Each structure stands twice: as C-alpha cells, then as structure tokens.
Amino acid sequence: NAGVMQNPRHLVRRRGQEARLRCSPMKGHSHVYWYRQLPEEGLKFMVYLQKENIIDESGMPKERFSAEFPKEGPSILRIQQVVRGDSAAYFCASSPPGGGRTEAFFGQGTRLTVV
Amino acid sequence: AQRVTQPEKLLSVFKGAPVELKCNYSYSGSPELFWYVQYSRQRLQLLLRHISRESIKGFTADLNKGETSFHLKKPFAQEEDSAMYYCALRPTDSWGKLQFGAGTQVVVTP
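In order, the protein sequences belong to chains C and B. So the first sequence is numbered by our numbering: it starts at 13 and just counts up by one. So the second sequence is numbered by our numbering: it starts at 216 and just counts up by one.
Treat the hints with care, as some may be off.
Listed next, the in silico DSS-like pairs over lysine-lysine satisfying Cα-Cα at most 30 Å (straight line) [said to hold, decoys possible]:
{"id": "1", "chain 1": "B", "residue 1": "K272", "chain 2": "C", "residue 2": "K56"}
{"id": "2", "chain 1": "B", "residue 1": "K224", "chain 2": "C", "residue 2": "K56"}
{"id": "3", "chain 1": "C", "residue 1": "K56", "chain 2": "C", "residue 2": "K39"}
{"id": "4", "chain 1": "B", "residue 1": "K272", "chain 2": "B", "residue 2": "K237"}
{"id": "5", "chain 1": "C", "residue 1": "K83", "chain 2": "B", "residue 2": "K280"}
{"id": "6", "chain 1": "B", "residue 1": "K237", "chain 2": "B", "residue 2": "K224"}
{"id": "7", "chain 1": "B", "residue 1": "K272", "chain 2": "B", "residue 2": "K288"}
{"id": "8", "chain 1": "B", "residue 1": "K288", "chain 2": "C", "residue 2": "K56"}
{"id": "9", "chain 1": "C", "residue 1": "K39", "chain 2": "B", "residue 2": "K230"}
{"id": "10", "chain 1": "C", "residue 1": "K56", "chain 2": "B", "residue 2": "K280"}
In case anyone wonders, no lab produced these hints; they're calculated from the structure. Keep in mind that this is a model prediction, so the values were computed, not measured.
Please build the complete structure, drawing on both the sequences and the hints.
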C-alpha cells in the first residue's frame, strides 16, 4: 500500500490561473480530507469528503475553491483565479470506512506557489 | 471556539536530556487529543492519541482536563527525535475535522 499520494509535489501558477491538486487515498479508504498550511502556521482544515459527497466544507473559502471526490479517480482540490495569498502547502489525508472516527493518514503535500 | 496552542516554536535540547512539548487547548466538550510528528522530508504521521494511553518511541502524553493541556514528554531525547511536532484536537461534534496547533520544531543536539 503506497500510502496517500498527492501530485504534483510542487506547483507554480501565475496569478489568475487555475490550480488543480490531486489526492489518491490509500487503498480501501473512502474518506478524504484537505488541509492547508500557510507559512509559520499549523494545518487548517478545509473540507471532508466521502465518495461523491461533501460531508463538511466549513473550512473552505467561499469563492474560487472547490473540491470533489468522484466515484472513480482521485480527489481534486481546485483553486480558480489563484492569488498570491493562496501560496501554501496543501495536505490531503484519507481514512477507512468509519470516517472521522478512525485514524487519518496524510500525504506528503503539494506546495503551491503563486507568482 | 476551539483552539490548540503550542507556545514554543522551537525547542532545542541535548541528547539524553528530558524534553517536554506544551500543548493547551480550548474546547467546551470532551475532545480527542493527538500528537502528530513530521520528520524531515516525510509525511505527517500519528504519534499518540490520548484515548490509547500508549507510549510510542518513549513519548507519553497525559490529558489534563483541569488545565486543558496535553503536553508531550520524553525522559531522554535522542537525535532521531528531531522533527516537527503538532498537537491536534478532534471535536466530538465534528469527527472529520482536526484542529492543529502551529507546531513545535524539536532539535536534539549531540
């Protein structure tokens, strides 16, 4: 089991472009979580998804950010019209059925730089 | 509102010395508390959870509800303990969400 895989590891986007971050959960895991880490800060919860459902998006900015976890394929965090303030490390975690009550395993993160 | 505070950004200790990483939280209910560790160039991984009351790699952490603290301790630090440590809280009304502290960088020098 390769663990939670995130790609790309590093992503550079110009202001106004779109950023797509991918997360493939561990085999058998049906729950995915996205976190954002700004410089000098801890990880901040963004969104919790189950296959084809958003369970909790209370940490997602109201505009430009969206997330999905389709029936097939990886979870995608999409940031439209990126701005400098979106520069951060984005971490994905996954957990097995049982969801939030079980241990979440983290990916290595995607470092987004907006220039 | 829930909050996790790790007052020390950096903790430098000598090998063999005791190390204690402070974590205080605010939450109105009875949360689950965790310590996560991130070694250099590796992913974040779970070190301890308060409900299991285990000792992992020589580390222990006791939940003190009176002081709302969950400090991480190890009596004799090793060089391989050098890493970033994050305290995290999981509220019981929102199982999928972890609230992290800002982290403490531990450097163990020989």
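| query | CA of K272 (chain B) to CA of K56 (chain C), is that 30 Å or under? | reply | Given that 30 Å is the threshold and the Cα spacing comes to 27 Å, the pair holds.
| task | Starting from K272 (chain B), check that the Cα of K237 (chain B) is at most 30 Å away, please. | result | holds (18 Å)
| Pair hint K237 (chain B) and K224 (chain B), alpha-carbon separation not exceeding 30 Å | holds (10 Å)
| Is K83 (chain C) within 30 Å of K280 (chain B), Cα to Cα? | Given that 30 Å is the threshold and the Cα spacing comes to 41 Å, the pair is violated.
| query | Between K56 (chain C) and K280 (chain B), does the CA-CA distance stay at or below 30 Å? | reply | holds (24 Å)
| said: Hint check: K272 (chain B) vs K288 (chain B), CA-CA at most 30 Å. Holds or violated? | reply: OK: K272 (chain B) and K288 (chain B) at ~11 Å, within 30 Å.
| task | Quickly compare the C-alpha distance for K56 (chain C) and K39 (chain C) to 30 Å and report which way the hint goes. | result | Given that 30 Å is the threshold and the Cα spacing comes to 25 Å, the pair holds.
| task | Mind checking the alpha carbons of K288 (chain B) and K56 (chain C) for me, to see if they're no more than 30 Å apart? | result | Within the cut-off at roughly 25 Å; holds.
| Under the criterion that the straight-line Cα-Cα distance not exceed 30 Å, is the pair K224 (chain B), K56 (chain C) satisfied? | Roughly 17 Å between the alpha carbons, so the hint for K224 (chain B) and K56 (chain C) holds.
| message | Holds or violated: K39 (chain C) and K230 (chain B), Cα atoms, limit 30 Å. | response | violated (39 Å)
Figure legend: structure checked against the earlier numbered hints; hints not met, in rising order: 5 and 9.
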